[in-house]
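All chains should be modelled from the sequences, with the hints used to inform the complete structure.
Protein chains in written order, with my numbering: chain A, -1 to 1029; chain B, 17 to 468.
A few of these clues could be false.
[What the hints assert, rightly or not] Here are the computed lysine to aspartate or glutamate pairs in the EDC-like style, where the Cα-Cα straight-line distance is at most 20 Å: (1) B/LYS46 to A/GLU544; (2) B/LYS340 to B/ASP93; (3) B/LYS46 to A/ASP545; (4) A/LYS616 to B/ASP41; (5) A/LYS616 to B/ASP44; (6) A/LYS984 to A/ASP946; (7) B/LYS46 to A/GLU579; (8) A/LYS1026 to A/ASP946; (9) A/LYS333 to A/ASP371; (10) B/LYS139 to B/ASP93; (11) A/LYS616 to A/ASP660; (12) A/LYS784 to B/ASP457; (13) B/LYS46 to A/GLU807; (14) A/LYS1026 to A/GLU141; (15) B/LYS46 to A/GLU547; (16) A/LYS1026 to A/GLU269; (17) A/LYS252 to A/GLU114; (18) B/LYS46 to A/ASP660; (19) A/LYS1026 to A/ASP360; (20) B/LYS340 to B/ASP443; (21) B/LYS139 to B/ASP54; (22) B/LYS46 to A/ASP614; (23) A/LYS784 to A/GLU768; (24) A/LYS1026 to A/GLU876; (25) A/LYS784 to A/GLU795; (26) A/LYS333 to A/ASP360; (27) A/LYS760 to A/GLU876; (28) B/LYS340 to B/ASP315; (29) B/LYS340 to B/GLU312; (30) B/LYS139 to B/ASP150.
No lab work stands behind these hints: they were computed from the structure.
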Amino acid sequence: MDMKHLRLWSLAIGLVLLTGAPQALAAQARVIRGTVTDAQTGDPVSGAQISIRDTGMGTITNAQGRYELTNVPEGRIELRVTYLGYSTQSRTLTVTAGEAQVVDFQMAVTAIELEELVATGYAQQTRREVSSAITTVSSVDLENPVIASLDAALLGKAPGVQVIQNAGNPGNGITVRVRGSSSISASNQPLYVVDGMPIFREDFSQLSLGGQDLSAITGLNPDEIASISVLKDAAAAAIYGSRGSNGVILITTKRGAITAEQGGVSRPRFEINTSFGQQEPSRVIQMLNTQEWMDYFADAMRTDNYTEQEIQDEFDWLGIDPSIDTDWQDEVFRKAGISNTQLTVSGGSSRFKYLMSGSFFDQEGVVLGSSYDRASGRVNLDFQATDRISVAASLALSQEENNRIESDNSIESAVTNAIANEPWAPVFADDGTYAGAASYANPVGIAMLNEVEARTIRSFGNVSATVVTLPWLRLNGRVGFDVLNLREYEYQSSEVPLTYSSGVDGVAQIGNAQGRRYMMEAYLTADRIFGDHEVSVTAGSSQETEDRERSFVRGEGYTSPDLHWPANAARVTDYDGTAWEHNLTSFFGRANYTYAGRYVVNGSVRRDGSSRFGTDNKYGVFPAVSLAWVVTNESFMSDFDLFTDLRIRGSWGKTGNEAIGDFRYLGLFSTANYGEIPGTAPSNLPNPGLKWETTKEWNLGFDASFLQDRVGFVAEIYGKETYDLLLNRPVTATSGFTSVLANVGGMENRGWELSLSTVNFKAAQTGGFEWTSNFSITHNVNEVTKLYSSDPTQPGEPFMGGWYNRVEEGQPIGAFYMYRYVGVDPANGNALYADLDADGNQIGETTDPSSEDRMIVGSPHPDYFGGFRNTVRMSGFELTAFLEFSRGAEVMNAMREFSDDGGYFYDNKFRDVLDDYWTPDNPTGTKPRPSYWGSTGARYTSSRWLEDGSYYRLADVTLGYNLPSEVAARIGAADARIYVSGKNLKTWTDYSGYAPDLNSFGSSAGSAALGTDFYAYPLARTFTVGFKATW
Amino acid sequence: MTMTRSRMAPALLFLAVSLGACDGDLLDVKPVDEISEDIAIVDARSAQAALVGAYSALQGGSYYGGAYVMWSETLTDNVEHTGTFDSYADADLVFLRPDMGGITGMWTVLYDGINRVNLLIQKVPAITSIDAADADAILGQAYALRALHYFNLVRAWGDVPLVLAPPATLDEAALVSRSTTAQVYTQIASDLGQAASLLSGLDNSSRTFVTPGFVTALQARIALYQGDWAGAVARARALQATGEYSLAGSYGQLFTAGGDPTSEDIFRVAFTATDYNNLGYYYQYDGRFEIGATQEAYDLFDPADDRFAVNFNGVRSDGIQVVKFPTTIGGEDLHVIRYADVLLILAEALAEQDGAANLSEAVDQINAIRARSGMAGYVYGVDLTTQQEVLDAVFLERRMELAFEGEYWFDLVRTGRAATAIGANFDAHEALWPIPVSELDVAPNLTQNPGY
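What follows is the structure, given as C-alpha cells:
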C-alpha cells in the first residue's frame, strides 16, 4: 500500500473516533429485558441470539430463556431474536432515556427463516427484502466438515453452485462454478469475500505435480464460518462489478456475543469441538491378476497369429514370473487417520465482544506419502466505542503443511502406476530396493522416497469502523489485508528406477511465493422511513492493491539421496524470480426502496478501474436493477393465512470478469538469453482495447412459505449471456507472433434452481420427534455462442480446450470430441467407428478413422445436480443424512487409453475387459478383439471410453446425542454433544473409475478441460467420532 | 456536536470520493520482468541485448534445440520412431499434413527469429548514440541470421513469404504472400553479402556467434543447394585459405558432454542446463527415447570407425540408442556448420564438376574425413573411378559424418535421392513440406504447396 493512502486513512479513522468520543458521556441507562420461549411448548429457549439491528449490540438468552440489554441507543430500534430451526422474529420499538422495557418472544419451529439477515455486499438485508438471487448456507450445513476446504463443504448445499472435487488429494484445489462456466480463457472461480475483505483464491504453487493444484481457499478454516451468502445472479453480484461474473461467495465468520454476567464481569463461553477418525479409499478398481493378465495377452497375441511357442517366448522376454501377483493399489493405499480439534472462547458485554478460536486439522491421505494439516487461529473483536461509534476487527492466521504426491495426469505418479503397472512385477527387487520391472516407475517407491512439502503461512483480516453520524446515516470505513506465503520443496528421488530423476541423479526444487493484498474502503449508508416508504442508500469507494512475488530454483544431480536440497545440486536447470502488481479502484452505490412492505426495488452500480485493462478501456461500469413483489403483504392476502410468505422477484444486471491476466494489453519485450548472455525479445503484442469479459443476466425468482412456515419453497430461473470473452485471435506467424489476445467470444448459460425445505413432523413438546428435510436441485445449460472467425459471416474456429474437450459454437464448453464408437465388426472383431463426410454427416462405419471423423459425442456438464438432507431429532438424538447427486454428465475414463486398449500397451487392464470380447470362438463378442499389435482399432481415443458420470452419493450421515443437561453439568458444561459421522459412505454410479466427479486437469487449468479422469486420486470414505461441549 | 458532525460528514465524503478518484498511478502498473517495446531497442546496450535475443530464437525446441534437427532425420532412413509422440510417428512415416503441430512449430519459430532480426535491421540504423562499428557488428550478425532462417525455410517449404521488416499492423501482416524460391535465394545472397561487408572487421574467434567465417561457410552450403558448383568451391576454398579451421583431432571431441570448442567449429548454437536442447533427451534410453537409429544407419558403420561408438551405444528390442548428443540434460552447444561439412561441400562441388583433377581432389577430401576417424581412404582410379562413384562416396560420407545432425533429409531431397532412400512412404510432392493450415486461415493470399 502506498504511504500516502495509509496516512490518509489513519487520519480518517482517528478523526472518526475522536468526533464520536464525547457522545459516550451522554449515554444513559436504557434497558430492554425479556424472555424467549418455544411458541408450541412454552419451554424457555436458551442460547437464542438477541440483537439490535445495525448496531452490533446483542446478547444471548440464559438457561431460563432470559436476556437483558443495557445502554440501548435512543430512538427507534429493531430488536430481533434468532435461533437455529426457529423462525427469526423482530420487533420495532422506540427507546427513550431512563426507561426499561420488557420484550418477550415466542418462537416457532420453521423451515425457512424469513427474517434471516442476508449479506449482500456492503450491507445486510432481511430475506424478505432481497430481490436478486442469493443463497445462504448456515454454519449448521458446514458443521464438522472434516474437510480441508470450505468450497468442498459447499458440495450439494447451495442450488446453482456446482462443486467438483477434482480428486481426493488432501487439500487440493476444488472447482466451483456458480451457474455454469462463464469464461473460456479467464478464471471461472467465484470471488471470495471474508468479512468484507476479498481474499486470494489463486494457486500460488510453482511446482507441477500432475493434474491437481492448490488453492488459497484452504487457508480459511471452515469451522470459523457462521454463514455464507452466494451472490448468484448478476443483479446480486454487480455490486462487485468487474469480479462478479463468476458469482461472489460472501463469508461471515463467527463473532462473540454478550454472555451472562457473573460477579460483575461477563462470563466467557468456552466451546470445544474435537473429532477423530479413519479414512479408506472409497473404491478400489478391479484389475487383472497375473494369470488373467497372461491369459488376456495370450489371446491378444493369438488373434495376431502368434503360435503358442511365440507367446511363451514373448512372456519369457518380458521376464514374467507367474508366481508374483502384486496388487499395486493395495500396496499404495492405506487406512489413514484424520482429526480436527477446535477450541473457541467467546463472550462479551454490551460494549465489547470477542471470539478467539484455535484449531488443528490433520489429515493423512489414503495414498502413501500424502497428508495435509492446518493450524489456524482467529480473533474477532467488536467494540462499541461510543453510542455512535463501533469498531470491529476480524483477524485470521493459519499455517498449512501439505505433503503432496504426484498423482494424476503424470506417468511418475503413485496413483497412475498403481493402476498401470503389471501385476507380475514385484514391489521390491531381491536386494530390497524398489524394483523397476514393470512398464512404469514403482508407485510405492515414488510415494515413499519422493518428497513434496508445501507450507503456507496465511493471514487475512480487516478492521472496520462505523459511525452513526445522524440517526439514519452511517459512515463505514474498512482497512483489510491478506498476506500469503507459500514455500514448496520437492525432491524426486534418484532411487526409483524408470523415473526421469533416476536418469539425472535426482531432482530437487524449492520455491517461495508471496502474495499481499490491501484494501481500503469507505461508504455511507442512509436508511430512512417516510410513512410507507422505506429507503436505504449505500455509496462509497474502495481501493485494492495487490502484489505478488515468487522465486524458484530447480537443481539436478545429487551425490547421494541424503544430500538432496538444491544447494547440493550439480547444476541448476530452472529458476525464476519475479514480482508483479495488480490494482483496482472502484466507486459503488446501491439504493433500496420498499413501499408498504409490498414492493421492493433495488438498484446498484459499480465502476471499476483495473490495472489489467487496456489504456482505451481503463474503467468498466456495471449496473443492476431488481424488483420484488411481496404478495403476502397485500391487503387482499390478509384473509389467506395459508401463506406466510409469497414473493415474486425479477432482476437484471451486468457484471464483469477482471481475471484476464496482468499486462496482457501491453507491447512487451522479455528475457531471451543465449548461452550465458542476457538478451531480450518481443513477448507480447499490444492491444490497448483489451478489457474485462462482460456478463448480462436476468433472473426470475419465486419464494413461498406456507403451513405456518412448515414448507418453504424457492425457485429461480435465469438466463446469462457472456460476451467479450478473451480469446487468442490467431495472426500469421510471419509477423513473429501466432496470436493476440482479444475480446471476441460469447457464451450462454440458462437454467433453473429449486429448493424445498419442510418440517415433516413437528414435535408436540420439547424432545419430541421432529423431522425436517431440505432438497435442492439445479439445472444449467451451457453453450458457446461465439468464437473467433476471420470471416465474420462464418462460424468461429473451434479448438481443443483439453485432450478430449472441444470449444465449439453451439456446444457446451468442453464437449467431448473424438471418434464415435459404434460396435464390433462381427467378421473380424475390429472396432467400428462412425465415418463422417467433410460436413460431419455420418456416411458409414470404418475401422480406420481419420481425424476428420472426430465429432461431438458427449458433455461433461450434468443435466441436474443437487442435494437432499434429512434430519430427525428425538430425545436429544439427532440423525442427519445428506445425499448428493448429479445426473447426465459424462466422464472420459482416460485410463482406458491404456487399461482397455486391447493389449497393445503392457499396462494392466481393468478387469471388465475380460467380459465378452471378440475371439474367433466368440464372434458375437461385444468388445473388440484384443490385439497385441494394436491393429483392431481398440486403442483409438473414442466414445468407447466415455462413461455415464451420473451418481447418487450418501455424502454424510451423522448421529449426534446431546447429553442431558444434568449429565453435562457433571463435567461443568452447559451442553455437551457426542456424535459419530460417516462421509462418502456410498456412491451409486455406473462409472468404473474411483469416482465420477473427478477431473485430472484440476481447478486452475483451462476451463474447457473438464470431466477427464486420468488416474485421479481416489476419494476417501471417512468415519469419525466427535465430542462437542460448551462451558 | 452538531458542528463537528456536520464538518465530519463532508470530510469522510471527500475521502470516499478521493479513494476512487486518485487512481492514475495505481492503474498504470508495468511489469518488472518485461519492458515496453518502445524502449526495447534504443541504444547500443539495448540493441546488443536484442541481438542476443535474436540468437536465442535458434535455441527453440522447434529449431536447433530440437524438432528442426530431429524431425528432418526422422523423415529419413536414418531414424525411426520409438516413442509415443504422434508428431514423430507421422514424421517416421513421412505422413505430412498441413495441420501438423510439428511443422507449424518449425514455421513459427523460424519467422519468430526473422521478426527479431527485422526489428534490429529496422531500428539500429536509427540509433544515433551508437558507434558505427558496433552498429555494423550488430547489423551484420542480424543479416547473417536472417539469411540462415530464410535458407532453413526455403529448403524445407520452397516458396515462402519474404518478410523483411516488422509488420506495422496486424492487418498488414495478414496480406503476406509467397515469394518464389529464386527470389528468396536472391534475398539470402543479398543478406549474406551485407553481412560479409558489415562484419569484415570481425575475426573468426567466436564459435557461438556469427563470424565472417560462418558467412562464407553458409554461402558455400547455399551455393551447393543452388547447383553453383564453382561458387561452392570458391567459398570453401576461401574458408580454407583463412587457415583458421581444421578438423578436430578426433570425432569424439566434437560431441562432448561439455560441448567444448574445437578447431573444427564454424558456428554452434549455445545451450546451457537451463536453455537446453532436447536431442540427447529424445535419443537416449535414459531420456524419453522418442526416436532411435534404424538398423540400416547402424549397419553403415564399421565398428572400427571412431564414429561408430560416438554415434551408437546399445541395441535393444525396442530400438537402437543414439548417443552422439551425449547428455539428457542438453546443455552442450550444437553444430550448425563445421569444417568437415565444408570439406564435404568442396568434395561434392568438385565431383559435380567432373574431370580427373576434380574427382581426385574430391576423393582426397573424403579421405581426410575418413582418416580422422581411423578409416582407410579410397584410392581414386581404383576404388572410385567414375564421377557417379565419387558422388556416391561423397554422399555416403556426408550421411555418415553428419549423421543425426539434421542435414540428411535436405541432402536427400537436394540430390534427388529421397525416393530411393525412403521408399514407398515418400511421395514426390513431399520434397516440400506443407504450409501450415493455420497460416492459410489467417493470411488469405498464401497458397498451399502442391499435393496437400
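Within 20 Å, alpha carbon to alpha carbon, are A/LYS1026 and A/GLU269? Since the Cα atoms of A/LYS1026 and A/GLU269 sit roughly 7 Å apart, the hinted pair holds (cutoff 20 Å).
Are the Cα positions of A/LYS333 and A/ASP360 separated by 20 Å at most? This hinted pair holds, its Cα atoms lying about 14 Å apart.
Within a Cα-Cα threshold of 20 Å, do B/LYS46 and A/ASP614 meet the stated pairing? holds (16 Å)
Mind checking the alpha carbons of A/LYS1026 and A/ASP360 for me, to see if they're no more than 20 Å apart? holds (18 Å)
Tell me if the straight-line CA distance from B/LYS46 to A/GLU807 falls inside 20 Å. Not satisfied, since the Cα-Cα distance of roughly 35 Å exceeds 20 Å.
For the pair supplied as a hint, A/LYS333 and A/ASP371, is the alpha-carbon distance within the 20 Å limit? It holds: about 17 Å lies between the C-alpha atoms, which stays within 20 Å.
Below or equal to 20 Å on CA atoms is what counts here, so check A/LYS1026 against A/GLU876. holds (14 Å)
With the threshold set at 20 Å, check whether the alpha-carbon distance from A/LYS784 to A/GLU768 stays at or below it. Violated, at roughly 52 Å.
Proposed proximity, A/GLU141 with A/LYS1026 (alpha carbon, max 20 Å): holds (11 Å)
Tell me if the straight-line CA distance from A/LYS760 to A/GLU876 falls inside 20 Å. holds (14 Å)
Can you confirm whether the C-alpha distance between B/LYS46 and A/ASP545 stays at or below 20 Å? At roughly 12 Å apart (the allowed maximum being 20 Å), A/ASP545 and B/LYS46 satisfy the hint.
Between the alpha carbons of B/LYS139 and B/ASP93, is the straight-line distance 20 Å or under? Answer violated: B/LYS139 to B/ASP93 is near 45 Å, above 20 Å.
When each numbered hint is compared with the structure, violations occur for hints 8, 10, 13, 20 and 23.
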